[in-house]
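With the hints as constraints, model all of the structure from the sequences given.
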Amino acid sequence: MSDAAALSNSHDDHGHGHGHIDHTATSTGIENKKLIMWLFLASDCMFFGTLISTHLIYRKVYPDGPVDPTVVFNIPLTSFSTFILLMSSFLMALAVSAMHKGELKSFRNNVLGVVFFGIIFLTCQVFEFTEFVYGKHDADGNLVWEGFTLSTGTFGSTFFVLTGTHGTHVAIGVLWLIGLYFYSFTGRMEHDIHGSAMDVEVAGLYWHFVDIVWIVIFTAIYLVEFINFT
Amino acid sequence: MSEVSALLPENIKSENKKYHAFINLGLFLAVLTGIEIVVIFFPWNPWLIFWVLAILSIIKFVCVITWFMHLVYDKLLLTLIFMTGMILATGTVTALMLLFSFDDVDVEAVEILELGVLTLRPLLAL
Numbered sequence: 001m002s003d004a005a006a007l008s009n010s011h012d013d014h015g016h017g018h019g020h021i022d023h024t025a026t027s028t029g030i031e032n033k034k035l036i037m038w039l040f041l042a043s044d045c046m047f048f049g050t051l052i053s054t055h056l057i058y059r060k061v062y063p064d065g066p067v068d069p070t071v072v073f074n075i076p077l078t079s080f081s082t083f084i085l086l087m088s089s090f091l092m093a094l095a096v097s098a099m100h101k102g103e104l105k106s107f108r109n110n111v112l113g114v115v116f117f118g119i120i121f122l123t124c125q126v127f128e129f130t131e132f133v134y135g136k137h138d139a140d141g142n143l144v145w146e147g148f149t150l151s152t153g154t155f156g157s158t159f160f161v162l163t164g165t166h167g168t169h170v171a172i173g174v175l176w177l178i179g180l181y182f183y184s185f186t187g188r189m190e191h192d193i194h195g196s197a198m199d200v201e202v203a204g205l206y207w208h209f210v211d212i213v214w215i216v217i218f219t220a221i222y223l224v225e226f227i228n229f230t
Numbered sequence: 001m002s003e004v005s006a007l008l009p010e011n012i013k014s015e016n017k018k019y020h021a022f023i024n025l026g027l028f029l030a031v032l033t034g035i036e037i038v039v040i041f042f043p044w045n046p047w048l049i050f051w052v053l054a055i056l057s058i059i060k061f062v063c064v065i066t067w068f069m070h071l072v073y074d075k076l077l078l079t080l081i082f083m084t085g086m087i088l089a090t091g092t093v094t095a096l097m098l099l100f101s102f103d104d105v106d107v108e109a110v111e112i113l114e115l116g117v118l119t120l121r122p123l124l125a126l
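Residue numbers (my numbering), protein chains in the order written: chain H, 1 to 230; chain B, 1 to 126.
Rather than coming from a laboratory, the hints here were simulated on the basis of the structure. Note that this is a predicted model, so its numbers are computed, not measured. The reader is advised that the hints may include incorrect statements.
[Unchecked claim] Ranges of calculated distance between the beta carbons of each label pair, as one might list FRET restraints:
| # | chain 1 | residue 1 | chain 2 | residue 2 | range |
| --- | --- | --- | --- | --- | --- |
| 1 | H | THR149 | B | PRO122 | 34 to 40 angstroms |
| 2 | B | ILE35 | H | ASN228 | 15 to 21 angstroms |
| 3 | H | HIS137 | B | ILE23 | 38 to 44 angstroms |
| 4 | H | ASN228 | B | THR90 | 24 to 30 angstroms |
| 5 | H | ASN228 | B | LEU80 | 38 to 44 angstroms |
| 6 | B | THR90 | H | PRO63 | 19 to 25 angstroms |
| 7 | B | ALA21 | H | ASP140 | 49 to 55 angstroms |
[As the list claims (entries may be wrong)] In silico lysine to aspartate or glutamate, EDC-like type, Cα no more than 20 angstroms apart, as pairs:
| # | chain 1 | residue 1 | chain 2 | residue 2 |
| --- | --- | --- | --- | --- |
| 8 | H | LYS105 | H | ASP199 |
| 9 | H | LYS105 | H | GLU190 |
| 10 | B | LYS13 | B | ASP74 |
| 11 | H | LYS34 | H | ASP44 |
| 12 | B | LYS13 | H | GLU103 |
| 13 | H | LYS60 | B | GLU114 |
| 14 | H | LYS136 | H | GLU146 |
| 15 | H | LYS33 | H | GLU225 |
| 16 | B | LYS75 | H | GLU31 |
| 17 | H | LYS105 | H | ASP192 |
| 18 | H | LYS34 | H | ASP199 |
| 19 | H | LYS33 | B | ASP74 |
| 20 | H | LYS34 | B | ASP74 |
| 21 | H | LYS33 | H | ASP199 |
| 22 | H | LYS34 | H | ASP192 |
| 23 | H | LYS60 | H | ASP44 |
| 24 | B | LYS75 | H | ASP199 |
| 25 | H | LYS60 | B | GLU108 |
| 26 | H | LYS60 | B | GLU111 |
| 27 | H | LYS60 | H | GLU225 |
| 28 | H | LYS136 | H | ASP68 |
| 29 | B | LYS17 | H | ASP192 |
| 30 | B | LYS17 | B | GLU108 |
Cβ atoms here follow ideal geometry from the backbone N, Cα and C, with glycine treated the same way.
What follows is the structure, encoded as structure tokens:
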């Protein structure tokens, strides 16, 4: 029996003929898990908003710090990271869609893809941070530019706190999705397909949020540095 | 067969429609990212480049929250909740940027403030 057929036979009867399954009756008509996740994301917007503001303001007040972002930022690497995160968002959307269709195998494949892309993103960030801390050397071992840390001026502090917080969010998302992947093998998802689809959707919301935060960081923190306003 | 089982093909049809939207959106976002990377190296007016980047980012942002995050398929309340957070965050960023946008910012005052924080830190730790 296919995953979809197995899942369809294990459904509870709550459909209303809209092509969408409404299960839990709440006063808002929205599942509590989803509502709470959206509230959390709204609060997280404000959290990242303050971090981004802090970085931009310190860049404005202290434009000539010990670090020149146009020299140290590796735009090809960051662009690659951005592309990877966007594609992971795409796969996450497919994973949620697969779960709503009851296609467990497709869900697993897509989630594995998201986890893989998430790990690539984190690897790129670790590489970038390592380069920032130890500085860059050419092929002969000569120092091209000196490294900087969390305590190297305001730039180091605000940059590492902002991108590090985002990286932590990505890491939590990866762990969450790995958990969901292994959970899918316990057989419990087949028994409550709607509840499981909601769990996956909530995880997906978190993952997409991580992606949109990076869209803002990539533009406001990385790309804007390369615009010569003088 | 249960009622929902009978409705499942309808769900699949609806999800398949989304699938094509997701693929198109994925490609569109990849193209926008490519444009962003190229634009910063164009010899254009810096403010033009800035606004092009800002608009492209807003488009990407809106596309992800609308389709990938299902806001277009969900109830309006969720959009309002998220927009409340977004407006507060954007308002904070904008207000702070405007406050610090004057060129005669008293850097010395900021430094004195920081010195005060540094001085108070050991006391607060106690």
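Going through the hints against the structure:
Checked against the hint of 34 to 40 angstroms, the pair H:THR149 and B:PRO122 fails, with Cβ atoms roughly 21 angstroms apart. For B:ILE35 paired with H:ASN228, a C-beta distance near 19 angstroms keeps the hint of 15 to 21 angstroms intact. Separation of H:HIS137 from B:ILE23 is about 42 angstroms and conforms to the stated range, judged on CB atoms against 38 to 44 angstroms. As the Cβ distance of H:ASN228 to B:THR90 is approximately 26 angstroms, the hint placing it in 24 to 30 angstroms holds.
Range check, H:ASN228 to B:LEU80: about 40 angstroms between beta-carbon atoms, so the 38 to 44 angstroms window is met. In this structure, B:THR90 and H:PRO63 meet the distance hint of 19 to 25 angstroms, their C-beta atoms being roughly 23 angstroms apart. Separation of B:ALA21 from H:ASP140 is about 52 angstroms and conforms to the stated range, judged on CB atoms against 49 to 55 angstroms. With a C-alpha separation of about 16 angstroms, the suggested pair H:LYS105 and H:ASP199 falls inside the 20 angstroms cut-off, and the hint holds.
A C-alpha spacing of about 12 angstroms is found between H:LYS105 and H:GLU190, which places the hinted pair at or below 20 angstroms, so the restraint holds. Of the pairs offered as hints, the one joining B:LYS13 and B:ASP74 holds, with about 17 angstroms between alpha carbons and a cut-off of 20 angstroms not exceeded. Proposed proximity of H:LYS34 and H:ASP44 is supported: the alpha carbons are some 15 angstroms apart, at most 20 angstroms. As the CA atoms of B:LYS13 and H:GLU103 are separated by approximately 13 angstroms, the hinted pair is consistent with the 20 angstroms bound.
In summary, the hint linking H:LYS60 to B:GLU114 is supported, as the alpha carbons are separated by about 16 angstroms, within the 20 angstroms threshold. A hinted pair counts as satisfied when its Cα atoms are at most 20 angstroms apart, and H:LYS136 with H:GLU146 qualifies at roughly 7 angstroms. For a cut-off of 20 angstroms, the pair hint linking H:LYS33 to H:GLU225 is broken: about 39 angstroms separates their Cα positions. Only pairs whose Cα atoms come within 20 angstroms are accepted, and B:LYS75 paired with H:GLU31 is accepted, the gap being roughly 11 angstroms.
Under the criterion of a C-alpha separation no larger than 20 angstroms, the hint pairing H:LYS105 with H:ASP192 is consistent with the structure, at around 16 angstroms. Taking the CA atoms of H:LYS34 and H:ASP199, the gap is near 9 angstroms; set against the 20 angstroms cutoff, the hint holds. In summary, the hint linking H:LYS33 to B:ASP74 is supported, as the alpha carbons are separated by about 14 angstroms, within the 20 angstroms threshold. A C-alpha spacing of about 10 angstroms is found between H:LYS34 and B:ASP74, which places the hinted pair at or below 20 angstroms, so the restraint holds.
A distance of roughly 8 angstroms separates the Cα atoms of H:LYS33 and H:ASP199; the hinted pair therefore holds under the 20 angstroms criterion. Only pairs whose Cα atoms come within 20 angstroms are accepted, and H:LYS34 paired with H:ASP192 is accepted, the gap being roughly 17 angstroms. A C-alpha spacing of about 24 angstroms is found between H:LYS60 and H:ASP44, which places the hinted pair above 20 angstroms, so the restraint is violated. This hinted pair checks out: B:LYS75 and H:ASP199 have alpha carbons roughly 18 angstroms apart, not beyond 20 angstroms.
Annotation: proposed proximity of H:LYS60 to B:GLU108 holds, straight-line Cα distance about 14 angstroms (limit 20 angstroms). With a C-alpha separation of about 14 angstroms, the suggested pairing of H:LYS60 with B:GLU111 holds against the 20 angstroms cut-off. At most 20 angstroms may separate the alpha-carbon atoms for a hinted pair to count; H:LYS60 and H:GLU225 meet this at roughly 11 angstroms. A threshold of 20 angstroms between alpha carbons decides the hint, and for H:LYS136 with H:ASP68 the separation of about 13 angstroms falls inside it, so the pair holds.
About 24 angstroms separates the Cα atoms of B:LYS17 and H:ASP192, which puts this hinted pair outside 20 angstroms; it is violated. For the proposed pair B:LYS17 and B:GLU108, the alpha carbon gap of about 59 angstroms is over 20 angstroms, so the pair is violated.
Checked against the numbered hints above, the structure violates hints 1, 15, 23, 29 and 30; every other hint is satisfied.
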